[in-house]
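K.L.:
Given next are the chains, with one letter for each unit.
Number of protein chains: 2
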Amino acid sequence: MIDEIIEMIDIKKYTQLKEILSEMEPADIAALFDDLPQRYMPLLYRLLPKELASEVFVELDADTQEILIKGFSDSELKEVLDELYLDDAVDIIEEMPANVVKRIISHTDPELRNTINEVLNYPKDSAGSIMTIELVDLKESMTVHDAFTRIRRTGLDKETIYTCYVTDKNRILIGIVSAKDLLLAEEDCVIADIMEKNPIFVNTLDDKEDVVLALSKYDLLAMPVVDNEQRLVGIVTVDDAIDVLQEEATEDIEKMAAITPSEKPYLKTGIIDTCKQRIPWLLVLMLSSTFTGKIISHFEDALGKFVILTSFIPMIMGTGGNSGSQSSVTVIRGLSLDEIEFKDIFKIIWKEIRVSLICGIVLAGATFVKMMLIDNVSSIIAFIVSMTLLFTIVLAKLVGCSLPLLAKKVGFDPAVMASPFITTIVDALSLFIYFNIASMVLHI
Amino acid sequence: MIDEIIEMIDIKKYTQLKEILSEMEPADIAALFDDLPQRYMPLLYRLLPKELASEVFVELDADTQEILIKGFSDSELKEVLDELYLDDAVDIIEEMPANVVKRIISHTDPELRNTINEVLNYPKDSAGSIMTIELVDLKESMTVHDAFTRIRRTGLDKETIYTCYVTDKNRILIGIVSAKDLLLAEEDCVIADIMEKNPIFVNTLDDKEDVVLALSKYDLLAMPVVDNEQRLVGIVTVDDAIDVLQEEATEDIEKMAAITPSEKPYLKTGIIDTCKQRIPWLLVLMLSSTFTGKIISHFEDALGKFVILTSFIPMIMGTGGNSGSQSSVTVIRGLSLDEIEFKDIFKIIWKEIRVSLICGIVLAGATFVKMMLIDNVSSIIAFIVSMTLLFTIVLAKLVGCSLPLLAKKVGFDPAVMASPFITTIVDALSLFIYFNIASMVLHI
Numbered sequence: 001m002i003d004e005i006i007e008m009i010d011i012k013k014y015t016q017l018k019e020i021l022s023e024m025e026p027a028d029i030a031a032l033f034d035d036l037p038q039r040y041m042p043l044l045y046r047l048l049p050k051e052l053a054s055e056v057f058v059e060l061d062a063d064t065q066e067i068l069i070k071g072f073s074d075s076e077l078k079e080v081l082d083e084l085y086l087d088d089a090v091d092i093i094e095e096m097p098a099n100v101v102k103r104i105i106s107h108t109d110p111e112l113r114n115t116i117n118e119v120l121n122y123p124k125d126s127a128g129s130i131m132t133i134e135l136v137d138l139k140e141s142m143t144v145h146d147a148f149t150r151i152r153r154t155g156l157d158k159e160t161i162y163t164c165y166v167t168d169k170n171r172i173l174i175g176i177v178s179a180k181d182l183l184l185a186e187e188d189c190v191i192a193d194i195m196e197k198n199p200i201f202v203n204t205l206d207d208k209e210d211v212v213l214a215l216s217k218y219d220l221l222a223m224p225v226v227d228n229e230q231r232l233v234g235i236v237t238v239d240d241a242i243d244v245l246q247e248e249a250t251e252d253i254e255k256m257a258a259i260t261p262s263e264k265p266y267l268k269t270g271i272i273d274t275c276k277q278r279i280p281w282l283l284v285l286m287l288s289s290t291f292t293g294k295i296i297s298h299f300e301d302a303l304g305k306f307v308i309l310t311s312f313i314p315m316i317m318g319t320g321g322n323s324g325s326q327s328s329v330t331v332i333r334g335l336s337l338d339e340i341e342f343k344d345i346f347k348i349i350w351k352e353i354r355v356s357l358i359c360g361i362v363l364a365g366a367t368f369v370k371m372m373l374i375d376n377v378s379s380i381i382a383f384i385v386s387m388t389l390l391f392t393i394v395l396a397k398l399v400g401c402s403l404p405l406l407a408k409k410v411g412f413d414p415a416v417m418a419s420p421f422i423t424t425i426v427d428a429l430s431l432f433i434y435f436n437i438a439s440m441v442l443h444i
Numbered sequence: 001m002i003d004e005i006i007e008m009i010d011i012k013k014y015t016q017l018k019e020i021l022s023e024m025e026p027a028d029i030a031a032l033f034d035d036l037p038q039r040y041m042p043l044l045y046r047l048l049p050k051e052l053a054s055e056v057f058v059e060l061d062a063d064t065q066e067i068l069i070k071g072f073s074d075s076e077l078k079e080v081l082d083e084l085y086l087d088d089a090v091d092i093i094e095e096m097p098a099n100v101v102k103r104i105i106s107h108t109d110p111e112l113r114n115t116i117n118e119v120l121n122y123p124k125d126s127a128g129s130i131m132t133i134e135l136v137d138l139k140e141s142m143t144v145h146d147a148f149t150r151i152r153r154t155g156l157d158k159e160t161i162y163t164c165y166v167t168d169k170n171r172i173l174i175g176i177v178s179a180k181d182l183l184l185a186e187e188d189c190v191i192a193d194i195m196e197k198n199p200i201f202v203n204t205l206d207d208k209e210d211v212v213l214a215l216s217k218y219d220l221l222a223m224p225v226v227d228n229e230q231r232l233v234g235i236v237t238v239d240d241a242i243d244v245l246q247e248e249a250t251e252d253i254e255k256m257a258a259i260t261p262s263e264k265p266y267l268k269t270g271i272i273d274t275c276k277q278r279i280p281w282l283l284v285l286m287l288s289s290t291f292t293g294k295i296i297s298h299f300e301d302a303l304g305k306f307v308i309l310t311s312f313i314p315m316i317m318g319t320g321g322n323s324g325s326q327s328s329v330t331v332i333r334g335l336s337l338d339e340i341e342f343k344d345i346f347k348i349i350w351k352e353i354r355v356s357l358i359c360g361i362v363l364a365g366a367t368f369v370k371m372m373l374i375d376n377v378s379s380i381i382a383f384i385v386s387m388t389l390l391f392t393i394v395l396a397k398l399v400g401c402s403l404p405l406l407a408k409k410v411g412f413d414p415a416v417m418a419s420p421f422i423t424t425i426v427d428a429l430s431l432f433i434y435f436n437i438a439s440m441v442l443h444i
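Top to bottom, those sequences are chains A and B. Per the working numbering: the first sequence = residues 1 to 444. Per the working numbering: the second sequence = residues 1 to 444.
Keep in mind the hints are simulated off the structure, nothing from the lab. Wrong hints could be hidden among the right ones.
Since copy identity is lost for identical chains, a pair holds within one copy or between any two.
Calculated pairs, EDC-like style, for lysine to aspartate or glutamate (alpha carbon to alpha carbon, straight line, at most 20 Å) [stated by the list, open to error]:
#	residue 1	residue 2
1	158	181
2	180	51
3	347	206
4	217	263
Please model the entire structure based on the sequences and the hints provided.
P.N.:
Here it is in C-alpha cells:
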C-alpha cells in the first residue's frame, strides 16, 4: 500500500490518490504516515479533504504532528486548530516542544486559549486533564422540539450529541437526557419531565482511572465533569475512556515487570529512553538482592559441608517468587478494577492462608517424592527442602497479598510493589527459612 | 447502607424502600445484592420497578441470578427474559447449571430460542458469541423522515439507536448512518445519499479481542458483525467492548504471573478453584527449575572450593530474570495492543541488543564497583560476576523479546511464555554462563 502511494505521488497522480484517501478511515490514513518517508508527509496531508484532514491529524503520532505543524503556513495551522476538539488540542500541545506550543497558542482565539490553559493546569491524570468542553447543554424549561433545534444548530461541533446535559442558570448540572429519550418523546414534552435527575458525575480533580471505571460501571457514553461548585465544565467521552483503560492496564503491566511506564509505544521509544525506563529498576533490585547474598554468606560453612543444599536454592527461590507474584498480581489487578478494597484485607489474608496451605502441601509432597525417586537424595535432605517449600509458599503468598494492600493504604502505587520487589523479599525469606531448617535438622 | 435496607425490610417499610431504590443506578443496586443475606434477595428484587428490575438483573453476579431464578414464578421468569437483550440473555445462560438453562429456554418464544442457540454455537471468544441482534436497520431508499419513524417505532427495544445499519434486500450490509447524521440532515434526504459506504465490519468468527481493538481504533459506538455471506447478523456495542478489554487485560496479567485465568473476580472464586488456577503452574515451573539445580550440582566441586561464588547466585539469577521479563512483558503487551507484529522481529531484536548492551554495561560496572568497595572481594571474583551479568542481561533480553513473538507465530499464547517460563530459561542460562566464566578464569 505505502509503496503504491509513494509511486502515485512521484508520478503526480494526485486526483486518483485523493479519491483513494477520501474513501479511507482516518485511523488507517494515520497508519500510512508511520511508514511514509518524512519528505512525502506534507504533500500527502495536503491531498486530504479538509474535514478528513483534521480527523487524521488527531490520530497521528506526536513526531509526525510536529513535522506537519512545522511545515504548515499560518492559515493552514489555524484551519487545523479550528477543527480540533479541546481535549485533542490539549493532547497535542502537551506533546509539542515549547516553540511549537508558542506558535499554536498564538493562532488560537483568546477564549479558546484561556480554556486550553485551564485544562493544562489540571493535575496530570485528573478528570479535568482529559475532558472536553464541546457538549450539548439544555435548560429544563425547553421542550423536546427546542432541544432538537439546539442540537441541529450546534450539534456539528459537539463531541457527542447522544447525551445532553441539563444545567440551571448557574451552570449547575441538574439532569441528563439522552438523544434516545428525546427521539422517543413527544415534541412538546418539557425537558424537566423526561430528564434523569441525580445524574452520575465526577469532579475535575478525580483520578482519570476512577472516572473510567465509573463510566464503564454505569455503561455511559460520556461522563459529565463538574467543578467544586457542581458547575458542569466538561465531559469525558467513551472513546477517550477506552484509551485511558488501555494505557492504565499497560502501565500496571509495566510496573509489575519493573519498568518505568512510558506513554509511547515500544517501537517508537528511543534506545536511550528504553534504557532509562529499565536501568533504575534493575539497579535497585540488584542492590536489594545483596541481602539474599548476605544470607548465603552467613551460612557459608554449612553450605561448604553440604554442597548438595546449594543445588536446591534456585528451585526454592523460584517457587517462592512465583507463589508470591501469583497472589500479589491478583490483588493488584483487583485493586485496579475496584473489585478489592483495603477493608477486605482480613478476608483476603484468610483466603490466602488456606490457598497457600493447600498449594504448599501439594508442592512439598511432590518435591519430596521427586527428590527421593529421581534425585536420589537422602530422606533427610528431601525433608528439609520440602518443609522449606511449605513455609516459603505460605509466607510468599501472605507477603504477596498484603504488601499491595498496605502500599495502597499508605498512598503508594500497589503495582510497583508487585513481582520484582516481592520476589526480592521472598528470596531472602526463603533462604532464611531454608538454612534455619537445615541447621536445626542437620545440627550444623 | 446495607444494614439500613435490611432493617427497612424487617420493619416492612416497603414503600419508603421502593422510593429509595427507584432513585438508584442499576449497578449500585446490584452491588447491594453482593452483601445481602440470601433470604432477603427475592424480596428486595420484587420491590424494584419492572424496567429497573431487569436492568439490575443483568448486573448481578451469576450466583445471585441463579438464586433469584430459582425463586421466580414462571410468569416472573418470562417477564425478566422478555426485557433482556440477546447478548445479556446468552451471558446469563452460559453461567447457569443445566436445569436452570432448561427452565429458561422453555420460557422463551421459539424464534428467540433459535437465535440464542445460534449465538451459543459460535466459538468461545468469537465476535458472534458476544454480539447482540437488537439493532436498527434501514433501507437505502428510505428518507430521513422514514428513518426517524422507524427509530421511534422500534427504538425502545434496540441496544443502540445511535448507529443505524443500512442493508439491501438480502440483508447484506451496505452502509451505516449515525443518529447525528440523521439529526443534522433534512427530513426529505434519502439515506443512500447520507450513509457512509464501505463501513468497517467484522466477521462472526473473528476473535473478540480483534473486534474490540478495531472498535477502539476507529472510535465506533458499535461494531457491525456479518456472516460469511456479508449479511448483517448483529452488533457489538461499546459497553460490552469495554468489558472485553478489561477481561483480556486481566487474563494477560494472570498468565504473565503463572495463573490460569478465571472469569470470576478473586473474592468470588472458591479456595479450591483458586488452587486449581495456581498449583499446575507452580508444579511445572518447579520441575523445570530442576535444570538449574542440575547445573549447580555439575559445578559442585568448584563451588566447594570457592564458596563465595554461591553468594552471588541470587543476584545474578534475579537480575537475569528481571531483565528478561522487562523485554518479554513489553513485547507481549505490544502484541496484545496490535502495536507489534511478527514481521517486526528483526527490528525488535536489533533494538533489544543495543538496549541490553547499555543495561549490561551499566549494571556490570555498578556491580564491579560495589563488589570492590562494599563486599571487599578480590578483583578476580568481581570480574567474574560482572562479566556474567553483562552476558546474562544480553541473553535474557534476547530470549525475553523473541520467545513471545515465536510463540505467537506458531499459534501459542505469548502471555503464557512470559515472566515465569522465561525466568526459568534465563536462570539456567545465567548459571551456565557464571560457572563457565568462573571455570575459565579460576582454572577449575
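K.L.:
State for each hint whether it applies.
P.N.:
These are the hints, each one checked on the structure:
Both within a single protomer and between protomers do residue 158 and residue 181 lie at most 20 Å apart by alpha-carbon distance, with minima of 18 Å and 13 Å respectively. When the C-alpha separation of residue 180 and residue 51 is checked against a cutoff of 20 Å, the pair qualifies only between copies, where the shortest distance is 16 Å, while the shortest distance within a copy is 27 Å. Taking CA atoms no more than 20 Å apart as the test, residue 347 paired with residue 206 passes in neither setting, with 28 Å inside one copy and 40 Å between copies. In this assembly of identical chains, residue 217 and residue 263 lie within 20 Å of each other by CA distance solely across copies; the values are 17 Å between and 25 Å within a copy.
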